[in-house]
Each structure stands twice: as C-alpha cells, then as structure tokens.
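Chains A and B, in that order, give the protein sequences.
Mapping to the working numbering: the first sequence position 51 is 51, numbers consecutive.
Just add 1000 to wherever you are in the second sequence, counting from 1, and you've got the working numbering.
Errors might be hidden in some of the hints.
Pairwise CB distance ranges, derived in the manner of DEER restraints [claimed, not checked]:
id	chain 1	residue 1	chain 2	residue 2	range
1	A	E48	B	K1366	51 to 61 Å
2	B	G1317	A	K366	14 to 24 Å
3	B	G1264	A	E319	26 to 36 Å
According to the in silico footprint, chain A covers these stretches of chain B (three or more CB under 8 Å from chain A) [stated by the list, open to error]:
id	segment
4	1043–1056
5	1137–1146
6	1159–1173
7	1198–1204
8	1212–1221
9	1293–1303
Rather than coming from a laboratory, the hints here were simulated on the basis of the structure.
All figures in this text were calculated on a predicted structure; none of them were measured in a lab.
Quick reminder that beta carbons are idealized off the backbone N, C-alpha and C, glycines included.
There are 2 protein chains.
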Amino acid sequence: MPTTEQNAPIDVPRGLKGVIVTDTSIGDVRGLQGFYHYREYSAVELAESRGFEDVWHLMFHGALPDAAERAAFTARTAALRHLPADVADALPAIARASALSGPLAGLRTALSLTGASAGFRPLYDLTPDRRRADALAACAVVPTLLTALHRLAQGLEPVEPRHDLPYAANYLYMLTGEEPEPVRARAVERYLISTVDHGFNASTFTARVIASTGADLAACLVGAIGALSGPLHGGAPSRALDTLDAIGTPDRIDGWLREHIGAGERIMGFGHPVYRTEDPRSRMLKGIAQSFGGDLVDFAVRVEERAEALLAELKPGRELHINVEFFAGVVMELCGLPREMFTPTFAAARVVGWSANILEQAEDSKIIRPSARYVGPPPPVPVPAA
Amino acid sequence: MPTTEQNAPIDVPRGLKGVIVTDTSIGDVRGLQGFYHYREYSAVELAESRGFEDVWHLMFHGALPDAAERAAFTARTAALRHLPADVADALPAIARASALSGPLAGLRTALSLTGASAGFRPLYDLTPDRRRADALAACAVVPTLLTALHRLAQGLEPVEPRHDLPYAANYLYMLTGEEPEPVRARAVERYLISTVDHGFNASTFTARVIASTGADLAACLVGAIGALSGPLHGGAPSRALDTLDAIGTPDRIDGWLREHIGAGERIMGFGHPVYRTEDPRSRMLKGIAQSFGGDLVDFAVRVEERAEALLAELKPGRELHINVEFFAGVVMELCGLPREMFTPTFAAARVVGWSANILEQAEDSKIIRPSARYVGPPPPVPVPAA
C-alpha cells in the first residue's frame, strides 16, 4: 500500500473548489442555466406538482412512488413522528440549555439523543434496508423535535404529531397547535420540496465524510446540522426580511439601497455563488408570495425590482440577482412561521437530502481522508527540559 | 466569479487520498520513518518528558509553556472542568437514552448540549482569543462528561472534578472516585499525549470542514466525534485485547494465529494505513506495559512476537506490524480503564488535536465545498402526473 511520502501530493484549489470528490445520482445544480434537479426531475417542477412524501420517496428510493407506494410510505413515515419517551423527557432540559445558542444547536443535541435512543448502529454494519429505516426514522422526527423545542422555549407544551396530516401540514400543526389553512400548508410544502437538496454543499459533504467512516446515521446528520449552522453556509432566510424591515417604507427603497450598495455592503437576499441567472427557487417562491398578495409582498417585489436595477447600475457585470433567501423569508412570514424558525425549517427539508447522500455514500467502502501539508518549523527539535 | 460549469472539474483519487486540502503548522506523520510530530517536536518525546497540559498548551498556542504559563494554563483549564447545572441535570437522561449506542454517542449529545449551554457563538463571529476560550472550555469538560455518563450508566453518582489533579489523573479520579496511583496516572497521561493528534485523519478533516462554514466550536467537535465513532476510523483499542482473550493461553498462540491469518482475516492490533515500520506509539506503549510487567504483558509480548513472525511468513512483503491499538489496550487495561472506555479515552485526548485544527481552520475564511459529478439519468424528465 502506498504512503503519503511515496505518492506525490496532489495540490487542488483552496476550499476544494471544483474538485470532484464523488459520483452521485441524487441530483445537481446547473448554475448557468438556472436549473437544479433531484434525480432526473426538475426540483421546481416537483415542488409545483408533487407532495413532500413523493419527493422524499424519490430521494430515498430513486423513483417517484405509485399510489400504493405513496400510501405505504406516507403511513410508515407518519408513524415514525413520535418521540421516544426518554427523548421527550430530556427535551425541556435541552430547550433550556439551548436558549442562548438557538434552535439548530437544540436540534443538533436532540437528534443526537434520538439516534442514540433508537440504537442506530454504524452504517458499516447495516444492510441498505436497515440504513434506510434509520434514515426514515431520523427524518420523520426532525419536525417533532424542532417544534417541541420551539414551544418549550416559549413556555408552551409540545404538540403531539398527527398521523393524518402530510409532513408539511403536520409541521405547521405541531408548531402552532392548530391545523393550518391548506393554502399555507401547501406553500410551506413547496418551499420544503425546493430545499431538500441543492448540489454538493458543505453540510452535504460533511454528512458524506462522516458516513465514509461507517459511523451511524445520527453521527452524520449531527455533523451536517453543525455545518448548516455556519454563517458561511446555512445563511438565514430571516436576514432578507430584516433588510425589508430596515428599509421600512417604499419611499426609502432607493435611498437605502444606494447607501448600502455604495458602501460596498452585501445586500442580504441577493447573489449566489453558483447561479448567474435568477435562482430558480426564487422565481417559484415569488410566485407563491404573489398568490398571497398584500402589502409585504408588494413591498418585497418593489425592493427586488429596485435592487436588481441598482445592483446592475452600481455593480455592473456582477449578475447579482435575488437568491432563495429573499422570497423564502416572505413566504415563511406569510405562512406564520416565526423568524427564528426559518433556518430550522430549511433543516427540516434538507435532512432528507443529507440522508439520501448518506445512504449513497454508505454504498462506497472507501473512507474520505485527504492530506494536509505541514508548513511549520521543521521537526524534530529536541523537547526542552520542563 | 466562476461557476462549476465554466471551470473544468478536477478529478482526484477516490477518498481524496493524497489530496492536499490545506496547509497546517500543527503536526504531521512520516509513515516511512515511523515518526510523527506536534508542531516541531516528536510526539513520543513529548509523551515521555512532558505533562498533558504542556502539550495542550503547545497545540493551542504553538509553543510549550514556561513555568508561569504552565501554572496559569493548568489553573485555568482545571477551573473549566465543572459542568453547567443544566447539563448536569440532563446527563442522567442522556446516559439512559445512550445505553444502546454507547459512550461516544453519549459524548456527542452531551458535548453538543454543553456548547449550547455555554452559548458558543459561530467561530466566524469571534476573535481568535474568544475561539480559544470556547475550545479550552470544550476540551476541559470532555473527561467530566465521559466519566459522568459512564458512572450514570453503571448506576453510580458522577464524581465532581478535582482542581488539584492534572488532566489525566483527574480523569481516572472521576472515573473511579479514587485518586489513582501516580504510576497509573502517568501511564494514562503518556497514552493521552501520544493520541492528541495524528495527521489529517477523517475526524480532523470533518472538524475542519464544519469549521470552514464558521459554525461554533461544539458543532465542529460533535461532527468529529461522529466521524471517530465510525468503524473505519476510530478503531477500537479494545479489539486487540479481545484478540488476546480469544487466543486465551500461550500454548494456543501459534495455532490461533495460523488459523486466522490463513483464513485471510485481519488480526486486530496489526497493520496501519500509513506506517510501514513499527508504529512509534506502539513502541512507547509497549515500554509502559513492560514497566508494569505481569502475565498479561508477558502474554501480549509473546503474541506480538509470534504474530510478527507469522505475518512475515504468511503475508510476505505486507509489513504488518503492531499498531497503536495493541499495547494501548494492554496499558489501559493495566490502568484499570474498562474496555468500553478505551475509545472514549482516545476521544478525551484527540479533542485537543481537533480543537487545534479548528482554531487553525478558523483563520481561513474560505468554505470547504467540493463538487460531485452527477451520473444519474439525464434531466429534465417531465414529472409524471401523480
């Protein structure tokens, strides 16, 4: 077997940009075309025409379900929404301890505990079916954990999941204790579907590196949640809404934008590292927002128009268009989600994409273990006497 | 800014083998020379001549401490060993829920909770000093969490940390409730020092990927713990001891080894992906074991001799020598550590190496985000009606 010293080290761009670390049949992003897909289907088309469970099935099984498969999958995943008693017992303490660090840190802890409680075994030791069973259990419980932690932080009792509601509607139900209006449940469902996966981002890569060691499903997901919580990755759909708040009124749009663009600040909700065109998720979410209508939507549309124009004028050639955060925040606000739950809601969808990636990685027995180049003072220097 | 499609994708070996993903001044492994180092010093020499706190200071500050720095660092880290009340309150529930999944899953949950409770902020938002403060707090509390979870799982009360004992001795004290014999505390301390870091392994890489998103210290460490728990990474020092148990008596050594080597089985405790020579950690640990003496040590030495000879005879050219697991297991057994705590004890040392890597990564503002190649059916296929 070769060693690091026998093989010439391979230099690659910083941050592994453009470096192909694996093959995947889960999906991809075509940034120049403003298009992304899950398996062979347009993600936006799936969000427009299918339910969350259909897409979840597609991600896990590689194919959309037929009617019988849908019924079985929906029933199976709904039954997995309940928390084990020992996890439910620990949630108040987790919510209390996470008050300073927020809901993603709470989810990180609670999902770690749930995986341990469920006795998740190392992926390496499991059959593909058993791995998928663990992944179904982990995904199904995320909305329950998130909403319970949120309610506990508000001094409210958690709401038990309902089996008769689809994933998205049940999420809103557990958050508020009230059955959501169908139009709001469907808007959130479309947002969730559009957020299930999006190329090979840092949290997905984290999940796959951990999976490559053969660790258990919770170990992989907890790492991914950690990566998503990073400011350079997860972003915050609430930030774009904060920008709307900061602008305040329609008459202040141009002045505010000119001032902040002119000062070289990044305008939250605009620009994406991959898309040169409009982000395809934005277009869909804008349509959903406009179907609700109202002052907030009119204002957001006006800010978008002026920001597009002013960014083109003041930052020519940069192709800064609205990204997914901009109208995602508006849609979630319209659907009654509190701002601190915007990124956790993102996580409630992305957990399905992470899991699909973990299941795919687990088919490969090769550990992901790159190298670093030592650039410190040359060893060995004798250790001085203490 | 370029996009994936504009730049030619860069193909690299599977598992990123030999791919240089970063520069580091923390340390390195020279597999052909049987040598590894922390900063500019031989790790084994550090283990032979220094205390754990000295090496921790070296990893965090880049230099060994002088007497005044040692006193201050020791006092500062000892004061950080206590658990916040809300974490201590949650530990019984975590221990109960982790009964099936073991102590690393318990540590993963408990350290996640501790970071949230301590209000760790994203690395991205912190000064280097503040990041280091979070890292000190996280490392200092790991032995407390591990021993408390272990005792709770045994139906025992956790033991409060003592400030007057060094890191290793306090770990053994919290585990057993009794002040350890100095020779045992020192043996464990040398093991811990030798295990702080070891090149760019999968858990260290995981920690750095998460750190590259700007996430908080606990997010990074929890991912690393997850990766360490993978069978392809963390290994299990207890497995080599299980091999000794399976062989049973000196007269069965040759027969057992010939049978299992002949069947193509991997002999636990032998062989390493990087070292072609004897693992330098093994040599040191064997010396420690021999300083204890006794039947187990004599038996282990005899097994090593015969396994080396028989592997050379039956697997010529493979250079299968004992690895760190073999005598690490023997030393930990002699020091009274229960087998289920062998890998957690490894984690109690490695957390310092992970943290040093996280602190180094946090100085780089570039997210680690590679690419994947989509190889599934070409999109877009129209989504069929449900």
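Going through the hints against the structure:
One distance hint, 51 to 61 Å for the beta-carbon pair E48(A) and K1366(B), is violated here, with the actual separation near 36 Å. For the hinted restraint 14 to 24 Å between G1317(B) and K366(A), the CB-CB distance of approximately 23 Å keeps it satisfied. At about 57 Å, the CB distance of G1264(B) to E319(A) disagrees with the hint of 26 to 36 Å. Only residues whose C-beta sits within less than 8 Å of a C-beta in chain A count toward coverage, and the segment 1043–1056 of chain B has 6 of them, enough to reach three; the restraint holds.
For the segment 1137–1146 of chain B, the assignment as covered by chain A is violated, since 0 residues bring a beta-carbon within under 8 Å of that chain's beta-carbons and 3 are needed. Using a Cβ-Cβ cut-off of 8 Å, 0 residues of the segment 1159–1173 of chain B lie near chain A, which falls short of the minimum of three, so the contact claim is violated. Counting residues of the segment 1198–1204 of chain B whose CB lies closer than 8 Å to any CB of chain A gives 5, which reaches the minimum of 3, so the coverage claim holds. Coverage of the segment 1212–1221 of chain B by chain A holds in this model, with 8 residues showing a Cβ closer than 8 Å to a Cβ of that chain against a need of three.
A count of 0 residues in the segment 1293–1303 of chain B with a Cβ less than 8 Å from any Cβ of chain A is obtained; the coverage claim is therefore unmet, three being the minimum.
The structure is inconsistent with the numbered hints 1, 3, 5, 6 and 9, although it conforms to all the rest.
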